[in-house]
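With chain F held as given, fit chain X onto it using these hints.
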Amino acid sequence: MAQAFQRIYTRLEGITKATVALNAQRVMNDELATVDGRLAQVVKISGDRVTLQVFGGTEGIPTNSEVVFWGEAPSLNVGDELSGRFFNAYGLPIDGGPEVAGEHREIGGPSVNPYKRMQPSQLIPTGIAGIDLNNTLVSGQKIPFFADPDQPYNPVMATVALRADVDKIILAGMGLTNDDYLFFRKSFENAGKLSKIISFVNTTDDPPVERLLIPDMALTAAEYFAVEKNEKVLVLLTDMTLYADALSIVSNRMDQIPSKDSMPGSLYSDLAKIYEKAVLLPTGGSITIIAVTTLSGGDITHAIPDNTGYITEGQLFLRYDTDTGKVIVDPFRSLSRLKQLVIGKQTREDHNQVMNTAIRLYADAADAKTKLENGFDLSDYDLRALDFAKEYSLKLLSIDVNINVTQMLERAWELFAKYFTREEVSIREDLIEKYWPNQA
Amino acid sequence: MDRQVYMYSKVIDVCRMQVAFEDFEECSVFYKKLINLFRQMNYQEFHSDEFKRYETEIEELLSQKVQA
Numbered sequence: 001m002a003q004a005f006q007r008i009y010t011r012l013e014g015i016t017k018a019t020v021a022l023n024a025q026r027v028m029n030d031e032l033a034t035v036d037g038r039l040a041q042v043v044k045i046s047g048d049r050v051t052l053q054v055f056g057g058t059e060g061i062p063t064n065s066e067v068v069f070w071g072e073a074p075s076l077n078v079g080d081e082l083s084g085r086f087f088n089a090y091g092l093p094i095d096g097g098p099e100v101a102g103e104h105r106e107i108g109g110p111s112v113n114p115y116k117r118m119q120p121s122q123l124i125p126t127g128i129a130g131i132d133l134n135n136t137l138v139s140g141q142k143i144p145f146f147a148d149p150d151q152p153y154n155p156v157m158a159t160v161a162l163r164a165d166v167d168k169i170i171l172a173g174m175g176l177t178n179d180d181y182l183f184f185r186k187s188f189e190n191a192g193k194l195s196k197i198i199s200f201v202n203t204t205d206d207p208p209v210e211r212l213l214i215p216d217m218a219l220t221a222a223e224y225f226a227v228e229k230n231e232k233v234l235v236l237l238t239d240m241t242l243y244a245d246a247l248s249i250v251s252n253r254m255d256q257i258p259s260k261d262s263m264p265g266s267l268y269s270d271l272a273k274i275y276e277k278a279v280l281l282p283t284g285g286s287i288t289i290i291a292v293t294t295l296s297g298g299d300i301t302h303a304i305p306d307n308t309g310y311i312t313e314g315q316l317f318l319r320y321d322t323d324t325g326k327v328i329v330d331p332f333r334s335l336s337r338l339k340q341l342v343i344g345k346q347t348r349e350d351h352n353q354v355m356n357t358a359i360r361l362y363a364d365a366a367d368a369k370t371k372l373e374n375g376f377d378l379s380d381y382d383l384r385a386l387d388f389a390k391e392y393s394l395k396l397l398s399i400d401v402n403i404n405v406t407q408m409l410e411r412a413w414e415l416f417a418k419y420f421t422r423e424e425v426s427i428r429e430d431l432i433e434k435y436w437p438n439q440a
Numbered sequence: 441m442d443r444q445v446y447m448y449s450k451v452i453d454v455c456r457m458q459v460a461f462e463d464f465e466e467c468s469v470f471y472k473k474l475i476n477l478f479r480q481m482n483y484q485e486f487h488s489d490e491f492k493r494y495e496t497e498i499e500e501l502l503s504q505k506v507q508a
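Chains F and X are the protein sequences, given in the same order.
Under our numbering, residues 1 to 440 are what the first sequence spells out, in order.
Under our numbering, residues 441 to 508 are what the second sequence spells out, in order.
Chain F on its own, in the form it takes in the complex (with noise of 0.2 angstroms):
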């Protein structure tokens, strides 16, 4: 830490919850601090009153406590010896591992400018269907899981990075329980890839406000891989409706006017900051983020699920499938605004026609449902649709199904053969010729 330039106060002005106030001078944004002791991080001043936020609480500081100021924003150190280790918020191993001793960096720097991106165009294949085939993942792309808090959100999390074909992932875990933290690491020690997994995580046993710091320091990990090494960074950001309940958290106790559903007015920018991080570079390095965002009670008008929307390339919907008893990625909810990218082009020349077709055939089997719990006659159609819909959830919406692109087309024309003519699949001749399995 930067012990030169430290400066010291002893005469704390004003005391909340979360925050101290006094008056201090040459003090900068986001600088750290202690105070009594526990790590702080300016977050405003004005003039010379300077309000620090302590990320332990503020409980039993007096009035009269050592203010030190460390004359450096959070900072982490960067380096190929990253690789493999788990962190805490303030980028200080968690494993037992020593301190890296790689080169200093401030975190929460700028996004890279728009104009020197490229454009994402190479697929992400994660062997889920409903991903693959109907919601291909771009690298370069940021996308969440929108996820009741009861479904299987991390170990999907954790198979993705796992199938991945990338160089590094980063875990961002917020506010894991000690249960999920043990996973993700067994889960990654298991399937022998530790050596390019970095981890940051607070657990729920840490002060809820330091997961503000989790994001940054993933992202300057993840820019440090893919700006400096032209590496293919995939970031995984666990669970983002806990990042901004702990924004909420100092906003409030900072007296601020709370937004819509109590959170902070800067909600989107707080967001879009962590977000905009993903990129696609021209010397071939990229970021790529997905993110987790618990809703309650599956409501997508919240406003952190409704902000992220805004800033996301779409987002994938896990839903309890009742007919089933499968999680599966729900094809009517869930959108990779960029798969047009990549499909038909990096895949099948089919993929396009038969991802949509798949999906048709799923909604007849919805309306079906709705006659039939409606008390109405089904129709031939109506049986074959539901019975359909019955086998595509399980042999491809389901999360467990783990397949590359290709045989996932071939099992979807399967179903296709199986349940309906090839008038009712109305896919283009050409391909109808080319693909229709031969029934014996």
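Since the hints were made in silico from the structure, they are not lab data.
Fair warning: there could be bad hints in the mix.
[Unchecked claim] Subject to a maximum C-alpha distance of 16 angstroms in a straight line, what follows is the list of computed EDC-like cross-link-like pairs (lysine to aspartate or glutamate): (1) X:Lys492 - F:Glu429; (2) F:Lys260 - F:Asp270; (3) F:Lys395 - F:Asp323; (4) X:Lys472 - F:Asp382; (5) X:Lys472 - F:Asp364; (6) X:Lys505 - X:Glu465; (7) F:Lys434 - F:Glu349; (8) X:Lys473 - F:Glu423; (9) F:Lys44 - F:Glu13; (10) X:Lys473 - X:Glu499; (11) X:Lys450 - X:Glu497; (12) X:Lys472 - F:Asp380; (13) F:Lys193 - F:Asp167; (14) X:Lys505 - X:Glu466; (15) F:Lys390 - F:Asp321; (16) X:Lys505 - X:Glu462; (17) F:Lys116 - F:Glu276; (18) F:Lys17 - F:Glu210; (19) F:Lys390 - F:Asp364; (20) F:Lys369 - F:Asp380; (21) X:Lys472 - F:Glu423; (22) X:Lys472 - F:Glu424; (23) X:Lys473 - F:Glu424; (24) F:Lys369 - F:Asp387; (25) X:Lys473 - F:Glu429; (26) F:Lys326 - F:Glu391; (27) F:Lys273 - F:Glu313.
Just chain X now, with coordinates in the frame of chain F:
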């Protein structure tokens, strides 16, 4: 735009036609066939030979069912 107007007027013509069916299944099969032909026509280049072929097939299909 020309293509959209052309296709739209075709669909309107179909909507205005008087057709009769024995039962729902017959109706369902007929319209699924018709919809498929319209889709196949849409996949083709405007006024191409293939486009015209599907247009002819649509007319033939309609002529079997349309009441005078």
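Consistency of the hints with the structure:
For the given pair, lysine 492 (chain X) sits about 15 angstroms from glutamate 429 (chain F) by alpha-carbon distance, which is consistent with the 16 angstroms threshold. With a CA separation close to 15 angstroms, the supplied pair lysine 260 (chain F) and aspartate 270 (chain F) stays within the 16 angstroms bound. Between lysine 395 (chain F) and aspartate 323 (chain F) the CA atoms are separated by roughly 13 angstroms; this keeps the pair inside 16 angstroms, and the hint holds. With a C-alpha separation of about 13 angstroms, the suggested pair lysine 472 (chain X) and aspartate 382 (chain F) falls inside the 16 angstroms cut-off, and the hint holds.
Taken as a hint, the lysine 472 (chain X) and aspartate 364 (chain F) pair is honoured in the structure, with Cα atoms around 13 angstroms apart against an allowance of 16 angstroms. Straight-line distance between C-alpha atoms of lysine 505 (chain X) and glutamate 465 (chain X) comes to about 15 angstroms, which keeps the hinted pair within the 16 angstroms bound. Proximity of lysine 434 (chain F) to glutamate 349 (chain F) is assessed by CA-CA distance (about 11 angstroms); at most 16 angstroms being required, the pair is judged to hold. The suggested pairing of lysine 473 (chain X) with glutamate 423 (chain F) holds, with an alpha-carbon distance near 6 angstroms, which does not exceed 16 angstroms.
The hinted pair formed by lysine 44 (chain F) and glutamate 13 (chain F) meets the criterion: a straight-line CA distance of about 14 angstroms does not exceed 16 angstroms. For the hint pairing lysine 473 (chain X) with glutamate 499 (chain X), the CA-to-CA distance comes to about 12 angstroms; that is within 16 angstroms, so the pair holds. Distance hint between lysine 450 (chain X) and glutamate 497 (chain X) is fulfilled; the C-alpha atoms sit about 13 angstroms from each other, no more than 16 angstroms. Between lysine 472 (chain X) and aspartate 380 (chain F) the alpha-carbon distance is near 13 angstroms, which keeps this suggested pair within the 16 angstroms criterion.
For the proposed pair lysine 193 (chain F) and aspartate 167 (chain F), the alpha carbon gap of about 10 angstroms is at most 16 angstroms, so the pair holds. Proximity of lysine 505 (chain X) to glutamate 466 (chain X) is assessed by CA-CA distance (about 11 angstroms); at most 16 angstroms being required, the pair is judged to hold. Restraint check for lysine 390 (chain F) and aspartate 321 (chain F): the C-alpha separation of about 9 angstroms stays at or below 16 angstroms, so the hint holds. The straight-line distance between the Cα atoms of lysine 505 (chain X) and glutamate 462 (chain X) is roughly 11 angstroms, inside the 16 angstroms bound, and the hint therefore holds.
For the proposed pair lysine 116 (chain F) and glutamate 276 (chain F), the alpha carbon gap of about 13 angstroms is at most 16 angstroms, so the pair holds. Annotation: proposed proximity of lysine 17 (chain F) to glutamate 210 (chain F) holds, straight-line Cα distance about 15 angstroms (limit 16 angstroms). The hinted pair formed by lysine 390 (chain F) and aspartate 364 (chain F) meets the criterion: a straight-line CA distance of about 12 angstroms does not exceed 16 angstroms. In summary, the hint linking lysine 369 (chain F) to aspartate 380 (chain F) is supported, as the alpha carbons are separated by about 13 angstroms, within the 16 angstroms threshold.
With a C-alpha separation of about 7 angstroms, the suggested pair lysine 472 (chain X) and glutamate 423 (chain F) falls inside the 16 angstroms cut-off, and the hint holds. Between the alpha carbons of lysine 472 (chain X) and glutamate 424 (chain F) the distance comes to roughly 6 angstroms, so the proposed pair stays at or under 16 angstroms and holds. With a C-alpha separation of about 7 angstroms, the suggested pairing of lysine 473 (chain X) with glutamate 424 (chain F) holds against the 16 angstroms cut-off. For the suggested pair lysine 369 (chain F) and aspartate 387 (chain F), the alpha carbons sit about 11 angstroms apart, so the restraint of at most 16 angstroms is met.
Between lysine 473 (chain X) and glutamate 429 (chain F) the alpha-carbon distance is near 13 angstroms, which keeps this suggested pair within the 16 angstroms criterion. At most 16 angstroms may separate the alpha-carbon atoms for a hinted pair to count; lysine 326 (chain F) and glutamate 391 (chain F) meet this at roughly 11 angstroms. For the hint linking lysine 273 (chain F) to glutamate 313 (chain F), the alpha-carbon distance of about 15 angstroms falls within 16 angstroms, and the restraint holds.
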